[in-house]
Amino acid sequence: MGMFDQGFDAIIIGAGHNGMALAGYLAKSGWSVAVLERRTEEGGGLCTEEVTEPNFLHNMHSNYHPLVGICPVYDDLELTENGVEYGHPDVQMGSIFADGTALTIHTDMQKTAASFARFSQKDADTWMRLWDEVSGYMDLMVRTLMYAPPIALNDITRALASWGVEDKSEFLTARLRSMSVAEFLDKHFENDRIKAMLAFHAAICAYQPHVKGLAVSYPVLLGKIANWHVCKGGSHRLAHALMRVIVKAGGRVFPQVPVTQIVVEGGRAVGVMTPDGFVRAHKLVASSIDVNQTFETLLEPGLVPERTRREVAEVKYQDASLFNVHVAMNGLPRYKAAAFDPAIDRAWILNIGFESLADFEHEFSLVRSGRLPERPRLNAAVNSLYDPTDAPEGKATGLLRVFAPFALEAGGPEGWGAVARQYGQVALDRWCDLMVDDDARSIVRRFATESPHEISQKMINYRFGDWMVGRIHPKNLLEHRPTDELAEYRTPIPGLYLCGASQHPHGYITFAPGYNALGVIAEDMGIDKWWDRV
Amino acid sequence: MSGTEHDVVIIGGGHHGLTCAAYLARAGVDVCILEGRHEWGGAVYTAEVTAPGFCHNIHANFMEFLHIMPFFADFDLPSLGARTIHPEIQAGMAFRDGRPPVLIYQSDMIEETAKSFAVYSKRDADAWRELKAKANMFELVMAAALYTPPAKWNQSESLPNPMLATQSSFSMFGLDEEMAFKTVRDCIDEYFEADEVRALLYRVAIEFAAPSLEWPGSGYFFLFACLFMPGCWRMMVGGTHRLNGAMVTACIKEGVTMRESSRVKRILLEGGRAAGVELVDGKRVLARRAVVSAVGLKDTLLDMVGAAHLSDYTRRRATHFKEGPDQVLGSVAMALHEPPKYKSARWDPGIDRAWYQVVGYDSAKDVLDYCRAGHCDRVPELPAAAVWVNSLWDATQAPAGKHNLTGWYFFPKASALSEAEWEEVRATYNDKFLRLYGEFAPNMTRENVIADYLHTPLDQERGMRMREGDFGHGAMSLDQVMGLRPFAGVAHHGTEIPGLYLAGSCMHPGGGVTAACGYNAVKVLCQDLELPPVWQNPRRFY
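Residue numbers (this note's numbering), protein chains in the order written: chain G, 1 to 534; chain Y, 535 to 1076.
Just so you know, these hints were derived from the structure itself, not from any lab. Wrong hints could be hidden among the right ones.
[As the list claims (entries may be wrong)] Okay, the calculated bits of chain Y under chain G, using three or more residues with CB under 8 Å as the criterion: (1) 575-587; (2) 610-621; (3) 762-776.
For glycine and all other residues, C-beta sits at the position ideal for the given N, C-alpha and C.
Bound-form chain Y, shown alone (with noise of 0.2 Å):
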């Protein structure tokens, strides 16, 4: 290793840390980042686990923020090989009896949205002529709010309020702000009436990590989750990770030292601060101006900081951070001779050509109740996922003529079942699914599949650190959002130990991959250590 001193050492090189390299090293800094894995991305990954040829993003697929990531403008990522497809159908729900279809498309694309609405309920095109028109004219304003990190919070202080901006996000909507205190089931019910479209909505809100369909003070995921983020999904040609190739090539760029299969056992301190690493090997990585630490809380403070080090509040609140039981998957991966064809299609054949096809119910409440499965700490009976088969707009992801079918299941935290159960889990439920797909794509028989796989949450602990296999690093209920996430005296990125910053997924805007959390990390880094504003784009103004 080149000198076991740097100026700034980052712990993760998912793709907050990368990000948070990248800057950091083009404001002059000498960087050092650590990642544990033998693989940089973190969950903006792909892997050939059904057979050759087939890429399959078992965590990240929905590139949804490309073009506000500013980390994709100011590193000119599509330069370095981040090349992005708009599919035209961004989503779409299929029928097991094979009536219409109900589709999104891109956020342009307002008026074949409403038409397909339309079929199921007049009403509902219109609402999402109206809404859809909004959220585009506010797509700035809601970047800005991802690409701000919270103000910084004292004890003495009042603390945080999230219900604040995301009231005035209804009011600037122009709908009732009392509506940001309800349920996402609340706010899709009151403005869409079918039942069919309400499912889409159903399945697409919770896709987002919007937390419980059903819990009060989820409004604002409404908005988000359900107005912004379907028709803005880009996919990476070559798969999700080729984003990480380009950030990866930006970092070397810049003059990042990068070392992966190094993962750090513990934090360093010196006289109270932040002073370097440990690596599980012993080796030791020091840092003359700061630490951050771009991977979970409890692994930050908790292991590697310790509690002994840690305030008594501190401590509280990082021991009791939640994770799960919303964003939480099992990752279906299935190499196919033909891609499905549904029995939709006969009404309207955009339901074959949908990015994000959604399989499996018949109504809202199938949606709701799976969704409660998992709360209840059960794997749903019904086994219905939403799926993508990228193959279908990009050929260099699955053998000639072949295709690679991704999605995802909903499932109960990892620690609700045991290792045993998972691995029947894996053994059976594919089967499952499979025989219940056939009723809504009858090609989708086990004659199509050439070889299938499933990633249980349990994986998704062990192989990328996420605890209960909760891809945001943590709950994104109303008490873990904003200024309130992961816990007040934190969000603003830098902790009670001078020197320790966190750059991670556990901190707003959450999990996803928006590059966010890595960025805001960086806009208080460079004010804290006097550094150049190296994010600042006179195109841009967050």
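The shape of chain G in the complex, shown without the other chains (with noise of 0.2 Å):
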């Protein structure tokens, strides 16, 4: 029999992380679900493969995992009984500075807080009582905030004017929605550098440090400052936990099936075409990639109503993508900071080179403008650290980051080919000069590079290289993602919902936008909600 034959309640376009928990959720639910996906290999963002040399597992995109523990999906879908295993870093951030210092945070608050006091002891004072209180209100934040449909802005502003958070929170105030992460920590804190520090930490979830309006989200962002995970064996293992959970409860993936348009019948959606021709929904059809390939590609543009079309029009994507450098390397590198503080040789994320607030404005406008900074300021990781099997023995596999423009101002996005290998050079040794000389030396084995056009060619929802699926704005955040009439999952086309990145409340592996999207499916098709029992 062929495999689509008998078509499936649910059909999920796009084996992402957020398509395949949907599915997972229905599957479990007794639905017959199947997700297609267009690439080779389901995961979508869950990408790990050996771009340098065989056995050096580099995590092309999804590499900090900041939810697990947190977000609900892993425990309803078992994925640890499902084979997925995490590591938590004890030292989960620093910052490397140019004269030799070091910041480290750690899980332990107690010693972030003497890494802070090293720098500033009002400042670690001011930051223990703000992890005291974001730690209090984090499980309910996270909940309301991100577990649930969006609440409009003007609605969480009230809520708190009326509980009187002024007089309650430090911290917390109504003005949040007009101040930017970068006024916030101005307000709070005194040294450049632990400033820096916490704002790195809100750019790598891709908070732009000076955007006005998004120091609402930043509390709950800094609650999660010390829940970064790394999925041992690569992060594409959680898709593969995923496929069991799917498979297990009845439900299929067909990666390399590409879903080349939604079919509506009498109004509403009814399934989908592929190149192996019609596969038939019989309840609902759920889009886990992009809104502006959802409704312009994939659906006839008369199916459209014109509001739709021209709200999706005007999504706008993050002015900030990846170039990305996967190294294969010699060993676990040493710093010479470490003589300052020695954690820093443990650190997992680190922040090499933005050393004030001033230097994220800088860098941000120069890749606004579409130039590459001379002397990249890097996110780095080294995930053998606390996951030693993604390497050979002793050996260690790296990731560096740089915030990079789509479009060069030379060459725009195809640029890239002409640049990527000697700019990949230029970020490792920016990042071999920190190290002891010895390490700097001979420590590389190979490194590949991943341009953000390359990122965009293979992840195509990825658009503009914006791996949040949409960008971190006020203007495109909760009421507003991706678009007003669209926000809530659902479509203009009775059965056919959204349930990706580009939804509320963004990209990362968080499975909220899928979660979500499960919910409202629940209410309109009268599904029992077995995981949401108080």
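Since each chain sits alone in its own frame, please combine them into the complex, following the hints.
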């Protein structure tokens, strides 16, 4: 029998983690489900490849997993039982500064405070008060702001005001909605480097520190500053576990089956076209890819209402993508700055080059103009510190990332072809300069680069190389993401839902868009919410 | 990990391990399969090694056994996503001077192939008509030979003799039995006279593990690699790795516990019996009934069990098991703007639509010299290859309008060159190939290549744990086939260590995507563990 003959209750377009999680829940609810994936392998951004040499596992896209132990999906779908293993680095983040000093953020917050205190005792004290506060309301915030459909910003503000937030919290205020992360940090902290370290945390979550209005989500981000996890054996392993969840529950995942059209009959989405022909969806089609593909490519123009078409065409993507350098290394790096703070050699996510808030402003404005920083500021991670199995024994796997323009001033997106290799070397040199001399000379075996243009070609829903699939900006968050009309995961076409990173809250391994779409679908279709027992 | 004890623990999630796991689970056994890499399927593998969207099968490409493979039918793999394409023109040889190509068509298109051979020799056309018709007739005999484990052997008995089966095969074909003792080259030369036809058959012969074209006693491979195989070649839609996707889905459906990124360090012995495994991170997975290893012979016996726990005989035979110099490949991958257009196409445009395109040789002697180089630890001076452009049949394997070329060089063993020398080969050999290629297909210029990549034997060894880069996990010479593979004492899948079984490509019938080593191990395990014979299928006699 052909694999598509019977059709499926639900067809999910795109086998990224959001689509697969939704498929897992629906399959466990007794639905027949198929996930159709354009690429040769399931997982979307959960993509691990040996791009330098065999046995060096490079996470091409998703590397830092922030919501392990917080996100309900891990437990609901029993991902640990299905083979996912995480490491939780005890030294989560660090900054190495040009003068040889370093800052470290530990899971043990007393140690973090001690590191901060070497730069400013006042800031260390402020940090501990801030940390205590956000830890206190973290669960509530995550539950209501991430794992539920978006709440309008005005409603959030009103709720905070009526609760009397200004009297009860030193840090939360109704004014956060108009402040940038940088302004929040300037208000509460005094030391440039501490501010840079904390702003770096926002930046790697795609929250550009100088964008007005993003301070409103910043406390939630800070609450996760010590929850970065490394997926052992490569991030792709999470995709394997999701696949097992789906198939065990009777669902199917079909990579290399690109959907070419969403088929609408009588105004309702009833299936999809593929190179293998029509596949019927008895109950719904859920798209986990970007809204431009969904509405502009996969649906016939006549089927998309004027308002939807207009608003989708206006969706903005991030103006800073990433340039990745994947490194096969002869061992773990040792930094000169370890003389100042030995913990820096064990810090997982490293800030190299951002030393003040002004540095972010400078860097992102350069990137917006399509230029490459001569001395790129890096975000660097060596997963082998916490997962030695990602490289041959005694060796290590490294990742360098640079915020970078999708289109270069000289040459546009394709211009990357001519400069990528050389720019990779520049980034590597900057990194190696910080290591003790022996390491600096001999630690790199091979490296491979991945430009924003290549990212956009490989992961075509990362439009303009935007790994968040939609910019992080007040105009494109909460009830505005991706558009006012589409924010609730439903579309004007009955039977067609949106469940990918284009939706609230955003990209990253949060599973929240898929989880929230599930809630909406459950309400519309009368599915018993077995996962939502209080 | 849900419980660290299972009935059966399988080491290695290549296609043999997956086969074994799926059948045993279907027999009601609690199975856990452990894979060292982050990805399943071993060499059943596809990767975008050149540029985004270009899928390259840098290991297995020719799915020539799917129509006889029990796993494919028993688990209804097409319904799980394993779809195939059977290109009409299976193989073709192009020539530099643009003379007519030599083409081999699907198995039942004997006349078309004969017509192509007849351009160079009427006698060769007749020989193909006669021999291929017989090969088609005896296909199930060959299938049974592949999918039946060699008989159990005791040291007190006389040794199994692979020649007996080979001789009877020749006699079944109505050919002189003595030919079984000859070389593959002798056989090709005896039945085919045109140099162009010989050249193509030489190259086709080495593609499926034919031990050196010039080793006596390899005549069997003439029947197998030259007559049976070309015609049966199928490709997986979406790339070879999709076969793995379907196999993995089958395993999950049957309830197999699957753990990737779980490399086994050693096999645990308890009272001399295989009792489980220990992983490199120290975790233990215990096996109540059996440990089945679907990885390499030396990896299993010498590294994971340890020489100290083996008898002298087993240690000697395992230590001296040979890898290479045949079956050692360098894989070339190129992302192309347009597919190759051969000069020879002016005689027969079929060459541009042949799946397996042999390019770079002007004569049969060129192919012989090419093979001899590898045997003398040298990279062939003539940078010839056989390539396929799967995007001609399956548009999903490359970006719209573009093409994915992948191919094989035959190279010396991984240990023949230093790491630096292999890097030099990686940096230069594709360019040499391309310069030669342009003389056969003028559009194959640097400008037509978007990006390229070369996977060396050293990469094969390190990445897939194929020692010496030998894709068959052990040479297929007369002393290492059938009842002698990998050596007589373990050819029946059990080992001298109770509870430890072998199921990888080091077993009969060797490398290639047959799923036979795993399937044959299942037959033995069903008997030894007194399981229901779930491998039996009323529509199949093997």
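Verification of the hints:
Counting residues of the segment 575-587 of chain Y whose C-beta lies closer than 8 Å to any C-beta of chain G gives 6; at least three are required, and the coverage claim holds. Three residues within the 8 Å Cβ limit are the bar, and the segment 610-621 of chain Y against chain G gives 6, so the coverage statement holds. Requiring three or more residues with a Cβ within less than 8 Å of a Cβ of chain G, the coverage given for the segment 762-776 of chain Y holds, as 5 such residues are present.
In summary, this structure violates none of the numbered hints.
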